[in-house]
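Quick mapping for you: the protein sequence lines, in order, are chains A and B.
Residues in the first sequence are numbered from 1 upward in steps of one, following my numbering.
Residues in the second sequence are numbered from 1001 upward in steps of one, following my numbering.
Treat the hints as calculated values from the structure; they're not laboratory data.
Since the model is a prediction, treat every value here as computed from it, not as a measurement.
Worth double-checking, as some hints may not be accurate.
As the list claims (entries may be wrong) - Footprint (simulated), chain B over chain A, 3 or more residues, beta carbon under 8 Å: (1) 199–206; (2) 209–216; (3) 248–254.
Unchecked claim - Listed next, the in silico BS3-like pairs over lysine-lysine satisfying Cα-Cα at most 27 Å (straight line): (4) B/Lys1074 to B/Lys1182; (5) B/Lys1182 to A/Lys245; (6) B/Lys1074 to A/Lys228.
Claimed, not checked - A few chain A residues that face chain B, going by a derived Cβ cut-off under 10 Å, partial list only: (7) Ile67; (8) Leu176; (9) Leu219; (10) Leu223; (11) Lys228.
Idealized CB from N, CA, C, for every residue including glycine.
The chain contents come next:
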Amino acid sequence: MSKNKKDIPMWAKTGHAKPVTRRDFLSAGLIPFAANMFVPNWMSLLIGNNAFGQTTAADCPAPASLIPFVTVNLSGGAAMASNFVPMDAGRQPISSYNKLGLGDNKVPLETEFGNATFAANQVSKFLVGVRAQAMAATIANTTFIGIPCDSQNDTNTNKFDISGAITKAGLVGSNLPNMGRVNTRTGINQMAAVVSPPSPLVVNNYNSLLTSIGYSASLGTALNQNQKNSLAKLMSNLSDSQTRKLAAIQGGEGVKKVLDCAGIKNVDVVQKGSAIVDPRQNTAFAGVWGVNTNTNVGTRELIFGAMIYNTLIGQAGVSNLELGGYDYHDNTRTSGDTKDQDAGVVVGRILQSAAVLQKPVMVYVVSDGSVSSSESTARNAPWAGDRGSNGVAYLLYYDPSGRPATSDFQIGQFNDNQAADPTFVTGANPELTAAAVFANWCQANKRNDLFERVAGRILDTNQLAQVIKIA
Amino acid sequence: MTNKYLKIMLVLVPSMAVALFGFNNCGRYGALQDSGSSDSSSLGSSSADEVNSEKLGLPYALLSAEQTLSSMLKLGNVTTASTAVINEYNSRYGSLAAGNDLSMVNGPLMLGSTSLAGEVCNSVVAQERAITDVTQRNFFGSINFATGVAGISDENFEAAVRGMARQFWGRNENMDELTMLKQYKTEFSDALAANVRTQTASASNLMLATCAAMLSAVDAISY
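The following block holds chain A by itself, in its conformation from the complex (with noise of 0.2 Å):
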C-alpha cells in the first residue's frame, strides 16, 4: 500500500518535535564522539588495562635487506653545475656555461661513471676528489646521476633531506639509528623532505658514537657486564610500564611504540659492547679512511668513517654527512677548488669503503643554493656570488656486481638561461629532487612498492616515469 505524502506525520500528531535521526547524529558528530569516547572503555571491560599490550621486539623495526644510503651536504651552496657540466633536454651543451665559471659551450667534458659529463681537465675538482679515493674498479662499477634544481642560498630550510622516507620504507639500522653530524631534525642543514625522520644521532666525535650504544662514566666504571645487562633489561621493562598511559590516548600508541623499541633495542645493544661500532676491526676499511688505533677522536676521517662504516654494515640507518665551508664566492677559485675536491675525496672514500666491504651504497650529494661567476669566456672565472637557479643535486650508486644500468646520466635539464629548467617537474623543488631520489633508490631495491607506500603520489606516474632513471 502507497504511503500518502500529504498524511500529518506520526511525531506532529503527538506535538513532538521531529524525531533525531541517523544524519542529524552525524551532523552532531555524535557518533564519532561516542566512538572515541566509548570504546576504549569498552574494550577494557572485555579485555583489561593491558589490552594494549606489551611491545615485543618483534614488534620493533628490523633491518630489511635495503641498499645503504648516505647523504653529503655541502653546506654553503656549491658550484656542483661547474664539476658535473648539465647539459640540456637534448642532453647537449647549452649555449654558453659562461656564468658557471667555465666560458662558452665548448667545455672540455670528459664522462665517467658510464656517460656523465665533467668538466675536463681537472677543471672538476670534485672527480679529481673521487678519482684520488676510488679505485678505478671501484669507479667502473659506479653511475652517477645529475639533478638539476633551483633551491634557496645560504638556508637550512631546503627540503632535500630523504633520511625520513628511506628510513620509514626500511633501512633502519640493527644496533644504532640514523646518524647525523648536525643538532637539527635531519643530523644537516637541510629541512626533511617527504617525511621527518626518527631523529638521528648527532655523532659530534667518535666517542659520542662509541658511547652511544653503552653506559659510561660512573655507570660504566661501577657495574660489571652482567649488572649493565640487567640495567638496560630494567630500563626497557620500565620504560614499557610508564608508557602504558601513552597507550591510552589516540594516536599515543605509535609514540609508546617507538619508546619501547628504543629500550628493547638497548637491551641487545649493551650485551654486544662498544667495539662493534669500531671501523678499525676492519684492516682494510680503516685504511681507506686513514686512521687507527692512534687517530684522534675528533678527526673527521674517524668519524665519517665510523657513520660509513656502520651504516654499510647495517649497523645503522642511514648515514648524513656534513661538510660546511661551501658559501665559498670569494672572487677566486681557489676557496672553491679547494672545497670541491674535498667533497670528491670524502665521495671517493665512501664508495671505496663500500667497495672494500662488498656492499652496495647510495650516495646523495645536495647543497643549499650555488654559486655564479661574472660572465667570463675563461674556464676559470672565480666565483662571485650565490645563484641558486644553478643548482644541482648529484646521486652516485656503486654496486659491487658491477655498474648499476641506468637510462640517463641527468633528470631534468638546464636551459639557456644557464639555470635548471623550472618546468621540469624537479626543476625548482628540492622537496621533488629528494623524492626523485628516493624513486631511484626505490627502483634500485627492485621495490617500487615502496614509494607510494611511503611518499603517497608526491610525484605520479607520468612523473614517476621521467625521474627513474635506475635501470
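Dock chain B against chain A, hints included.
Chain B only, in chain A's frame:
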C-alpha cells in the same frame, strides 16, 4: 508508528557499530601486520601515520638536553654540577633530545640519559653517605652502606625506592615498578661474588644504579 522507530533503529545501530569499530584506530596494528612481505616488520612500525607527540597534541612531552640536566640536578638535590657531570653531559649532548617531541627517544638517548643520571646519582650517593645522621638523608636513610649489598634487605631497598619515586616521579612507585626494581636488585647481587656482596662499594653501586634507572626513567625525563 512502531515501524518508523524500528526503521530508525535499524539504521542507527549498524551505523554506530561501523563508527565504533571504523573510526577509533582499533584496526591500525592489524592492518599493518597484514602488510605481507618479509620486510613488513620494518614497514609496520615505521609506517605509523604520525608519531610526533607534539603534532599529535599528546599531553606529555620530553625534556630537551638542557632541561634534562637541569631537572636531574634539581631532583637529586645536587646544587652544583661536578666536573664529571658536565663532562658526561657534554659527551652525551648529541644523543640527548634536541626538542620536546617524545618520539625523539631512541636507543642512544636512553643510554645517554641513564649514563648522565648515573653521574648525577654519583653525587647524590656521595652526599647522602656523608650525612651520618641517617634520619636527615633524603633518599637513603634506610641504607647501611657499610654492610654492602648483602646487608640491604628488601624493606631497606623499598624505602629507598619510595623516596626516589616520590622525588623523581612525583608519585609512589606502583607494584609493577617495585617488582622490576627488586628484580634488578637480585640480579645485581647475583652478578657479584659472595665476598664482594659484603663490601661497601657494592651497596653504593646498587644505589647508584637504582637511582640512575629511576632518574632516567620515562616519568623522570618527560612532563
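Consistency of the hints with the structure:
For the segment 199–206 of chain A, the stated coverage by chain B holds: 5 residues have a C-beta nearer than 8 Å to a C-beta of that chain, and at least 3 were required. As drawn, the segment 209–216 of chain A meets chain B at 6 residues by the rule of a beta-carbon pair under 8 Å; at three or more, the given contact holds. Closer than 8 Å: that is the beta-carbon criterion, and the segment 248–254 of chain A has 6 residues meeting it against chain B, so the requirement of 3 holds. For the suggested pair B/Lys1074 and B/Lys1182, the alpha carbons sit about 26 Å apart, so the restraint of at most 27 Å is met.
A threshold of 27 Å between alpha carbons decides the hint, and for B/Lys1182 with A/Lys245 the separation of about 23 Å falls inside it, so the pair holds. Annotation: proposed proximity of B/Lys1074 to A/Lys228 holds, straight-line Cα distance about 26 Å (limit 27 Å). For A/Ile67, the suggested interface contact is broken, since its CB lies about 13 Å from the closest CB of chain B, more than 10 Å. For A/Leu176, the suggested interface contact is upheld, since its CB lies about 7 Å from the closest CB of chain B, less than 10 Å.
Contact between A/Leu219 and chain B, as hinted, is supported at the beta carbon level, the nearest pair being about 4 Å apart and thus within 10 Å. Of the supplied interface hints, the one on A/Leu223 holds, with its beta-carbon coming within about 6 Å of a beta-carbon of chain B, less than 10 Å. At a threshold of 10 Å, the smallest CB-CB gap from A/Lys228 to chain B is about 9 Å, leaving the interface hint in force.
Checked against the numbered hints above, the structure violates only hint 7.
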